[in-house]
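Just so you know, the protein sequences line up as chains A and B, in that order.
If you count the first sequence from 1, you need to add 1231 to reach our numbering.
If you count the second sequence from 1, you need to add 432 to reach our numbering.
Hints are not guaranteed to be accurate.
Said to hold, decoys possible - Which stretches of chain A does chain B cover? Using the computed rule of at least three CB atoms under 8 Å from a CB of chain B, they are:
| no. | stretch |
| --- | --- |
| 1 | 1247-1257 |
| 2 | 1295-1301 |
| 3 | 1312-1324 |
| 4 | 1331-1345 |
Stated by the list, open to error - So the derived list for chain B, only partly shown, Cβ under 7 Å to chain A, looks like this:
| no. | residue |
| --- | --- |
| 5 | I501 |
| 6 | A519 |
| 7 | R578 |
| 8 | L580 |
| 9 | A630 |
| 10 | T634 |
| 11 | L655 |
These are calculated hints, taken from the structure and not from any lab test.
These numbers were taken from a predicted model, which means no experiment stands behind them.
C-beta atoms are modelled at their ideal positions from N, C-alpha and C, and glycine is treated no differently.
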Amino acid sequence: LSRPREPGAALTAVRTLTWLAVALMLAGLATASLQQAERLEARSGPLLGLIVSDAARAARMHPDALANVGLLVLLAVPLVRTAVTALAASRRADWTMTLINALVLLVVTAGIFQQ
Amino acid sequence: MEGALPIAVSGLVAGGIGALTGLGGGVIIVPLLTIVFSVPLREAVAVSLLSVIATSCAAAPRFHKSGLIDARLGAFMQLAACLGALAGAFLTGLVSAKFLFVLFGGVLAYTAASGFAGANRTARGPAGGSPPESSASIAHVATEPRRLAAGLGIMAGAGVLSALLGIGSGAFNVLALERALRVPFRVATATSSLIIGATAATSAGVYLSRGLVSPGIAAPLCLGVIAGSTIGAGLVERLPVRALRLLFSVVLAAAAARMVLQGLAP
């Protein structure tokens, strides 16, 4: 029996969003480290700390914000993966698969927005 | 974000071991965060759910390449697991942390037992005697309503546990797919990797909206897990997976005892 495979577009979406999430989380952690160095520099005053603090000021962003966006992107991956699979199934006129994936999408979205 | 490095390293190790043994990272991460880093249980669960999504993302290219994921069956079972997760997310505010510790201990004990069984299966062959390339498609499974109902029921239960405990519930997904629906072991494991991502996303949003996800812990942990899962997946063929699985099961059994004791402590 041939096994029904996930569409290649779903994998591309997963890969792209995962890399985006990784980049954002890394940027968040780097910004946090820079701001930590900035606080250290305010206490001790070495030259290297001063250079680092300029870079941190340039970021002008709360470190948690970038990491948070990265986490939200990661959270969105299964949603996008399911949506892409549903779209691909509808293009093939595979309505059972489209319906199942649409229902999964609905349940996951309901979970995400459940308070 | 102080202390990000030890958390990232923990994620790396958990992701690596989870990928190597096929038991997932959640069962390691929650005990690690609560016992070693003294993170409150609910926060550990919230962060772990995001790491489960990270594990699913890291596993996607590998399983896509191998063609082992049954997308149709996965989507169908995913629906039951996500509905279970939705119910589990609703229950999170109603159960006590002590109960969760005991429940987690029980789940860890089961996962350890399935790890021992899996190690024996690895010794016999990758597919445990079942035909490795055949697939129980949903059309075939649907002809056996009792098995299908059992599979869906286990999946829904796995979803509830995933939401309550912050785990992927991979061991239970495999139980539903392999035992109830007679899907070959490797296909069950691969398809489970697809299911855990959507299941975790269903309940992670609830924890996120309640402010239980600390980005200072979640971001380094997820980065570590993604790296660890990718490295672990590449090492599967080179390392003695059976010995690792046995060792990991012993560690899990010890963690299970610790979690139960913590839950029963006055």
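**Request:** Would you pick out the hints that fail for this structure and give their numbers low to high?
**Result:** Hints 6, 7 and 8 are the ones this structure does not satisfy, whereas the remaining hints hold.
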